[in-house]
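**Student:** Letter by letter, the chains look like this.
There are 4 protein chains.
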Amino acid sequence: MTITLDQARTIVDAALEHGTAQGFNPLTVAVLDPGGALVALARQDGSGNLRPDIAVAKAWGVLGMGMTNRAIAARAADSPEFFTSVAALAGGRILSVPGGVFVRATDGTLLGAVGVTGDASLNDEAAAVAGIAAAGLVAQTGAEE
Amino acid sequence: MTITLDQARTIVDAALEHGTAQGFNPLTVAVLDPGGALVALARQDGSGNLRPDIAVAKAWGVLGMGMTNRAIAARAADSPEFFTSVAALAGGRILSVPGGVFVRATDGTLLGAVGVTGDASLNDEAAAVAGIAAAGLVAQTGAEE
Amino acid sequence: MTITLDQARTIVDAALEHGTAQGFNPLTVAVLDPGGALVALARQDGSGNLRPDIAVAKAWGVLGMGMTNRAIAARAADSPEFFTSVAALAGGRILSVPGGVFVRATDGTLLGAVGVTGDASLNDEAAAVAGIAAAGLVAQTGAEE
Amino acid sequence: MTITLDQARTIVDAALEHGTAQGFNPLTVAVLDPGGALVALARQDGSGNLRPDIAVAKAWGVLGMGMTNRAIAARAADSPEFFTSVAALAGGRILSVPGGVFVRATDGTLLGAVGVTGDASLNDEAAAVAGIAAAGLVAQTGAEE
Chain L
0 MTITLDQART IVDAALEHGT AQGFNPLTVA VLDPGGALVA LARQDGSGNL RPDIAVAKAW
60 GVLGMGMTNR AIAARAADSP EFFTSVAALA GGRILSVPGG VFVRATDGTL LGAVGVTGDA
120 SLNDEAAAVA GIAAAGLVAQ TGAEE
Chain S
0 MTITLDQART IVDAALEHGT AQGFNPLTVA VLDPGGALVA LARQDGSGNL RPDIAVAKAW
60 GVLGMGMTNR AIAARAADSP EFFTSVAALA GGRILSVPGG VFVRATDGTL LGAVGVTGDA
120 SLNDEAAAVA GIAAAGLVAQ TGAEE
Chain U
0 MTITLDQART IVDAALEHGT AQGFNPLTVA VLDPGGALVA LARQDGSGNL RPDIAVAKAW
60 GVLGMGMTNR AIAARAADSP EFFTSVAALA GGRILSVPGG VFVRATDGTL LGAVGVTGDA
120 SLNDEAAAVA GIAAAGLVAQ TGAEE
Chain B
0 MTITLDQART IVDAALEHGT AQGFNPLTVA VLDPGGALVA LARQDGSGNL RPDIAVAKAW
60 GVLGMGMTNR AIAARAADSP EFFTSVAALA GGRILSVPGG VFVRATDGTL LGAVGVTGDA
120 SLNDEAAAVA GIAAAGLVAQ TGAEE
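These protein sequence lines are chains L, S, U and B, in that order.
Under numbering that gives the first Met the number 0, the first residue of the first sequence carries the number 0, and numbering increases by one thereafter.
Under numbering that gives the first Met the number 0, the first residue of the second sequence carries the number 0, and numbering increases by one thereafter.
Under numbering that gives the first Met the number 0, the first residue of the third sequence carries the number 0, and numbering increases by one thereafter.
Under numbering that gives the first Met the number 0, the first residue of the fourth sequence carries the number 0, and numbering increases by one thereafter.
Bound-form chain L, shown alone (with noise of 0.2 Å):
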């Protein structure tokens, strides 16, 4: 099973919604599938160019670990070499900031993951959780352990 196009728009529009409603920052929002291939991505006017490249990073640094943000941060934490060599093993496409969360179906199948970035990285998560919620899916961050 993978996300659709129509859940990830979905997604993205609810992210962004939820970001307009609560001032933050412009976002960028995408949506990838469990392979981490992009499913769905929108950048909100006067983003930074490298914006989409950090918001598909979020989502395919924890699809690429099987690990939440979080627990890529304490990791990281244990050891910083760690890090440093799966970061450049994926290109960069590895944050240890929250704003990556796990999509998934209502029996727990692994469906994709999402990437927020633009606002503080908690705020970037909670419009990435919104988004998941509007689509009627279950949203993983690592913040529920």
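Just so you know, not all the hints are guaranteed correct.
As the list claims (entries may be wrong) - Here chain S is said to cover these stretches of chain B; the calculated rule only asks that three of the stretch's residues, wherever they fall, bring their Cβ under 8 Å from a Cβ of chain S:
{"no.": "1", "segment": "28-40"}
{"no.": "2", "segment": "44-57"}
{"no.": "3", "segment": "90-102"}
FYI, nobody ran anything at the bench for these hints, they're computed from the structure.
Idealized CB from N, CA, C, for every residue including glycine.
Knowing the structure of chain L, use the given hints to seat chains S, U and B on it.
**Tutor:** Just chains S, U and B now, with coordinates in the frame of chain L:
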């Protein structure tokens, strides 16, 4: 001036609808700003993993060269090595087949470019043109010349 | 809107003159458009080979992040791994030291960015600011905040 | 010995003036030292985003091979795979079309190379030659052979 997210999303939605209405293979549509950064992207269900990169490349290449895909194809026919060099310089982000279309305002100002991939190139291009028209903007494919 | 070659050349000339008048080490000055493409560059005699890349990177990074070098430095202090990731995503084109300065029109429109390297970072930044002022444009370094 | 910034700027200015006077498309001119590092670059308004890289590549390639573009083209005609290999080794920074020109002092000493792109290759080359002449230096294109 640069394309807005609202305009980009209209283009993406209308291009995908054109493809669906015409019975095309699943399409991927990317909209880039004049500097080549992604503004919006959507990949229809059932598309291959590299399609987002190809859609982006179709648009990035025309912005990079300042030439339509048709003009790039003519240069490549003149000098295949020229194409080899510029494709390497661009990290692969240049295509010489239709599907990358400049987007201009009605006064001619360059707003960005659209890249579509997934069906035969001329069909990809038709979807891009339909999307740009739906946004009330002007498409430049090189076919007009 | 984007910076013109005439404006860029004025910035480069005035920044280099500032450095020479102040007795700085040889400087390299790069002016980029809002998308991050080079518009003008000059490297003073006696400068190292990598200085053009560094000058470009100082400017590209602020455009990529949509943040001044000082803001990038603050993020890096918060999370060194965040900087590792974005530096990798940007191919090294992000610096967290002064010398990359946004260029705006008097009405605030972003026109591009200037990157200077060669002397102490604050001197590099001063040269960039002098160059931008000579072109009648507005410099944004983050020091104003 | 190496080209000075003053010489490089004279070359850039005169090459661009040649293009403007002849009604060429917008040009990009790059001047590199004998080691291939950028000394000066200018991109005329309206040029594509990749043109700075192409201008640099035209000059870098002749310095990299120690051969003019015409000689490189002859090798490529003999062995297309040879060109593919060296283009990959050089990261794309080798072109087989005119527009990359060696710069020598009047006593024959190599000072660097100029790369011009934006119009038809022979016009690019003519602009480079005009620029080098304006600096009182000697241009070597391979057409003399």
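**Student:** A separate judgement is required for each hint: does it hold in the structure or not?
**Tutor:** Hint-by-hint comparison with the structure:
Residues of the segment 28-40 of chain B with a Cβ under 8 Å from some Cβ of chain S number 0, which does not satisfy the need for three, so the listed coverage is violated. For the segment 44-57 of chain B, the proposed coverage by chain S is satisfied: 9 residues have a C-beta within less than 8 Å of a C-beta in that chain, meeting the threshold of three. Coverage of the segment 90-102 of chain B by chain S holds in this model, with 7 residues showing a Cβ closer than 8 Å to a Cβ of that chain against a need of three.
Going through the hint list in order, the structure does not satisfy hint 1, though it satisfies all others.
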